[in-house]
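**Student:** One letter stands for each residue in the lines below.
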Amino acid sequence: MERDKQTQPIIAPVTETETLSGSEILIRALVAEGVDTVFGYPGGAIMPVFDALYDYKERIKHILVRHEQGAVHAAQGYARVSEKVGVALVTSGPGATNAITGITDAMMDSTPMVVISGQVNSSLLGSDAFQEADVIGVTLPITKWAYQIRRVEDIAWAVSRAFYIAASGRPGPVVLDIAKDAQVNSCDFNYQRTTFLRSYQPVPDVEKDRVKMAAELINSAKKPFALVGQGVILGNAEEELQAFLEKGGIPFGSTILGLSAIPSDHPLNQGMLGMHGNVAPNIKTNECDVLIAIGMRFDDRVTGDLKTYAKQAKVIHFDIDMAELDKNVKTTVKVAGDAKVSLPMVTELLEERAHPEWLAGFETYDQKEYDCIIKNELYPESGEIKMGEVVNKVTEATNNEAICVTDVGQHQMMATRYFKYNQSRSMVTSGGLGTMGFGLPAGIGAKYGAPDRTVCIFVGDGGLQMTMHEFGTIMDYGIDVKIILLNNNFLGMVRQWQELFFDERYSETRLKNPDFIKVADAYGIKGRKVTEREELGEAIAEMLGHNGSYLLEVVVETKGMVYPMVPSGGSISNILLGNGHSL
Amino acid sequence: MNENKTLYTITIFSENTVGVLNQITTIFTRRQLNIETLSVSPSAIEGIHKFTITTFSDDEEVMKKLVRLIDKRVDILKAYYNTDEDLVHQELALYKLSTEKVMEHGSIEYFVRKYNVRVLEVSVDCVVFLKAGHFVETQGLFEELASTIGVLQFVRSGRIAITKSKVERLSDMLAKREEHKKKTIELNTISSL
Chain A
1 MERDKQTQPI
11 IAPVTETETL
21 SGSEILIRAL
31 VAEGVDTVFG
41 YPGGAIMPVF
51 DALYDYKERI
61 KHILVRHEQG
71 AVHAAQGYAR
81 VSEKVGVALV
91 TSGPGATNAI
101 TGITDAMMDS
111 TPMVVISGQV
121 NSSLLGSDAF
131 QEADVIGVTL
141 PITKWAYQIR
151 RVEDIAWAVS
161 RAFYIAASGR
171 PGPVVLDIAK
181 DAQVNSCDFN
191 YQRTTFLRSY
201 QPVPDVEKDR
211 VKMAAELINS
221 AKKPFALVGQ
231 GVILGNAEEE
241 LQAFLEKGGI
251 PFGSTILGLS
261 AIPSDHPLNQ
271 GMLGMHGNVA
281 PNIKTNECDV
291 LIAIGMRFDD
301 RVTGDLKTYA
311 KQAKVIHFDI
321 DMAELDKNVK
331 TTVKVAGDAK
341 VSLPMVTELL
351 EERAHPEWLA
361 GFETYDQKEY
371 DCIIKNELYP
381 ESGEIKMGEV
391 VNKVTEATNN
401 EAICVTDVGQ
411 HQMMATRYFK
421 YNQSRSMVTS
431 GGLGTMGFGL
441 PAGIGAKYGA
451 PDRTVCIFVG
461 DGGLQMTMHE
471 FGTIMDYGID
481 VKIILLNNNF
491 LGMVRQWQEL
501 FFDERYSETR
511 LKNPDFIKVA
521 DAYGIKGRKV
531 TEREELGEAI
541 AEMLGHNGSY
551 LLEVVVETKG
561 MVYPMVPSGG
571 SISNILLGNG
581 HSL
Chain Y
584 MNENKTLYTI
594 TIFSENTVGV
604 LNQITTIFTR
614 RQLNIETLSV
624 SPSAIEGIHK
634 FTITTFSDDE
644 EVMKKLVRLI
654 DKRVDILKAY
664 YNTDEDLVHQ
674 ELALYKLSTE
684 KVMEHGSIEY
694 FVRKYNVRVL
704 EVSVDCVVFL
714 KAGHFVETQG
724 LFEELASTIG
734 VLQFVRSGRI
744 AITKSKVERL
754 SDMLAKREEH
764 KKKTIELNTI
774 SSL
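Residue numbers (the numbering used here), protein chains in the order written: chain A, 1 to 583; chain Y, 584 to 776.
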């Protein structure tokens, strides 16, 4: 049921049986799962599959990336914006090992993805054959499921199971490693979609007494506060969440991956949680009486020191993954299950409330944060260009309608802090793993996942160079993505930590960079470098008005800092505001 | 090293697929837990394997998290932990002794009576004892044999255990899953009408 929403119209189950090669069975199985886009890179052990793909060009669009890491990140970006399962197709050995970073990233960020890797002939397995790697051994700990297919007869059911596992419950990556002889041999093909596995319960049943306990606790709260995570977006429970929060008059903060679940301008939206989140939601986490966590996992970047985290509060935790309940924060009430089901059950039992005084308390801190940090970050009148200023101008110029994709580092924090959203699935960023190099390929995938939306990719000068070869993919397919490079000629976030915690010893963080505009030009990507504030607005307008990909390089403050900041491992009430300010 | 620590017995039921043990051990590794003993065999239900693993820990919370992480894996049907009070448990040990030394010592009957050993083999070269029991019992026999006769080879199996409680977690789980399967099929039938 859940999956039917997540895939395109499904071709009716194949009822008549045909004899096909393993490669064709694989492609037909992908078609049956509603796959229309695959990101990949060919090589020896996957060639039969690419050969079969040649006959299915009309049904499945294959995007040839320039490195397997790009294929996996693109599949992630695609899945994150489209609600569908991302698919990457790579060869054995180095093809598969190049995909590892993206697979781990998808595991950390619960992204539904199926990665198909070629493998050497089954007769050669274990013999250190050319381009053989123990892909299952390597990927078991970083996938929801990993399976090696050695016989052609196992392809259809394994693909079916892979898509079921990747998309159901708490989503995640699945790896299918297919031996070359299984791709070449033939057998009868009859496809059945998987809807049940006895050993796997993706969605725990919501227990009514837990719902009642949660509702009673929320009704008794004077100072309730909610933490919204990506689980809400993955469960398509945005409307249910909004109804819940509005009825209870509950202010909320979002985790980095929960951003965009509820529009930025919603009156109960208190902004982002965590290390570089907003001041009020962090402070108020440690002042509320009932803390309601929904589809989030209390990551250490959100909680800081657990010993000082929300100790005064009774905690209610809604999650689809039983292993997250009581993992980091001890709860008073655990509500296991699908938020789309559990939230309306709780909402029904809620008394309508508003908490005007409690809400007013957030405003005091918002004002302080605005005065000490935001005002100068977004609207500086002189000096070098600020990162936040660029993000703000871009989001305004897109009417807050664009998809914001980021890489990792200072620009990521600026983008997540200052980009605004009016619809869900508008933020694609590497949250749990913090993968530099994620942005550009994820942005490419996001464009395929949501072709009608503007995709703005924010990158730093460090991260861009980790996957800059994907300019080639953009050129090849004429992909219309807007790349905003915030260039400070530093590995900015590491530099920030060196300034704060390592006595300004800038060890290996200064970058001597190429002429990025020339690089873009070599790939046929229109580019413009901005160094003056006066030019910025007009350059952004030009970028957004341009028909096709565009690289806007903005030379920003060399030693810019991201504030506020909760130092790693500290209490979330202990927030640095910078520039001599204090709370 | 294991002072003040409790020995926990973790029972895991899994599908009989390749790589399950690998999935389980990586979860132990990430939590820096040493596996003390391990025993794997087909369970009473065809196609389902049973793992019995023991590990020391000073924190029950760690055990709770550990079994939830194991339970979460797709190929695992059920995982839970117990302490010794909840269990009837047993280990097997084999002892290979030199026949000549046993003869010098004089009495096999003594060991049979005192330790309830079974004699599996007597040849010109060696005598092999089998003893079933708890760790302290098999260890007690080993120590006595080592100090009196000398032990040529010694091996002890991992623990096997069954719970004393009347709750049968695997059967309950399977029954629930069957019910769920029926519901899923009904729902699919309704939606396809």
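No wet-lab data here; the hints were simulated from the structure. Please read all numbers here as calculations on a predicted model, not as lab measurements. Worth double-checking, as some hints may not be accurate.
[To be verified] So the derived label-pair ranges between C-beta atoms look like this:
{"#": "1", "chain 1": "Y", "residue 1": "Lys747", "chain 2": "A", "residue 2": "Glu207", "range": "49 to 59 angstroms"}
{"#": "2", "chain 1": "A", "residue 1": "Thr19", "chain 2": "Y", "residue 2": "Ala758", "range": "48 to 58 angstroms"}
{"#": "3", "chain 1": "A", "residue 1": "Asn328", "chain 2": "Y", "residue 2": "Phe737", "range": "41 to 51 angstroms"}
{"#": "4", "chain 1": "A", "residue 1": "Ala243", "chain 2": "Y", "residue 2": "Thr746", "range": "26 to 36 angstroms"}
{"#": "5", "chain 1": "Y", "residue 1": "Arg613", "chain 2": "A", "residue 2": "Tyr506", "range": "56 to 66 angstroms"}
{"#": "6", "chain 1": "A", "residue 1": "Val184", "chain 2": "Y", "residue 2": "Phe737", "range": "24 to 34 angstroms"}
{"#": "7", "chain 1": "A", "residue 1": "Asp134", "chain 2": "Y", "residue 2": "Ala758", "range": "30 to 40 angstroms"}
[What the hints assert, rightly or not] Pairs of lysine-lysine, DSS-like flavour, derived with a Cα cap of 27 angstroms:
{"#": "8", "chain 1": "A", "residue 1": "Lys330", "chain 2": "A", "residue 2": "Lys212"}
{"#": "9", "chain 1": "A", "residue 1": "Lys330", "chain 2": "Y", "residue 2": "Lys765"}
{"#": "10", "chain 1": "A", "residue 1": "Lys212", "chain 2": "Y", "residue 2": "Lys648"}
{"#": "11", "chain 1": "Y", "residue 1": "Lys588", "chain 2": "A", "residue 2": "Lys307"}
{"#": "12", "chain 1": "A", "residue 1": "Lys311", "chain 2": "Y", "residue 2": "Lys648"}
{"#": "13", "chain 1": "A", "residue 1": "Lys330", "chain 2": "Y", "residue 2": "Lys588"}
Backbone N, C-alpha and C define an ideal beta-carbon position, used for all residues, glycine too.
**Student:** Could you grab the alpha-carbon distance between lysine 330 (chain A) and lysine 765 (chain Y) and see if it respects the 27 angstroms cut-off?
**Tutor:** 35 angstroms, violated
**Student:** Given the hint that lysine 311 (chain A) pairs with lysine 648 (chain Y), does the C-alpha gap stay at or below 27 angstroms?
**Tutor:** Given pair lysine 311 (chain A), lysine 648 (chain Y) holds - Cα atoms ~21 angstroms apart, limit 27 angstroms.
**Student:** Is lysine 330 (chain A) within 27 angstroms of lysine 212 (chain A), Cα to Cα?
**Tutor:** Between lysine 330 (chain A) and lysine 212 (chain A) the Cα gap is close to 19 angstroms, so the pair holds against 27 angstroms.
**Student:** Take the C-beta atom of alanine 243 (chain A) and the C-beta atom of threonine 746 (chain Y), compute their distance, and say whether it sits inside 26 to 36 angstroms.
**Tutor:** Given range 26 to 36 angstroms: violated, Cβ gap about 44 angstroms.
**Student:** Against the range 30 to 40 angstroms, how does the distance between the Cβ atoms of aspartate 134 (chain A) and alanine 758 (chain Y) compare: consistent or not?
**Tutor:** 38 angstroms, holds
**Student:** For lysine 212 (chain A) and lysine 648 (chain Y), compute the direct alpha-carbon distance and say whether it is at most 27 angstroms.
**Tutor:** 26 angstroms, holds
**Student:** Taking 48 to 58 angstroms as the stated bounds, is the beta-carbon spacing between threonine 19 (chain A) and alanine 758 (chain Y) within them?
**Tutor:** Check failed, 40 angstroms falls outside 48 to 58 angstroms.
**Student:** CA of lysine 330 (chain A) to CA of lysine 588 (chain Y), is that 27 angstroms or under?
**Tutor:** 23 angstroms, holds
**Student:** May I ask you to test the hint 24 to 34 angstroms on the CB atoms belonging to valine 184 (chain A) and phenylalanine 737 (chain Y)?
**Tutor:** 51 angstroms, violated
**Student:** Okay, arginine 613 (chain Y) versus tyrosine 506 (chain A) on CB: inside 56 to 66 angstroms?
**Tutor:** Violated: the Cβ-Cβ distance is about 34 angstroms, outside 56 to 66 angstroms.
**Student:** Quick one, are lysine 588 (chain Y) and lysine 307 (chain A) close enough, alpha carbons at most 27 angstroms?
**Tutor:** 23 angstroms, holds
**Student:** Given the hint of 49 to 59 angstroms, is the C-beta distance from lysine 747 (chain Y) to glutamate 207 (chain A) inside that range or not?
**Tutor:** This hint is violated: roughly 27 angstroms between Cβ atoms.
Going down the numbered hints, you'll see the structure goes against 1, 2, 4, 5, 6, 9, while the others check out.
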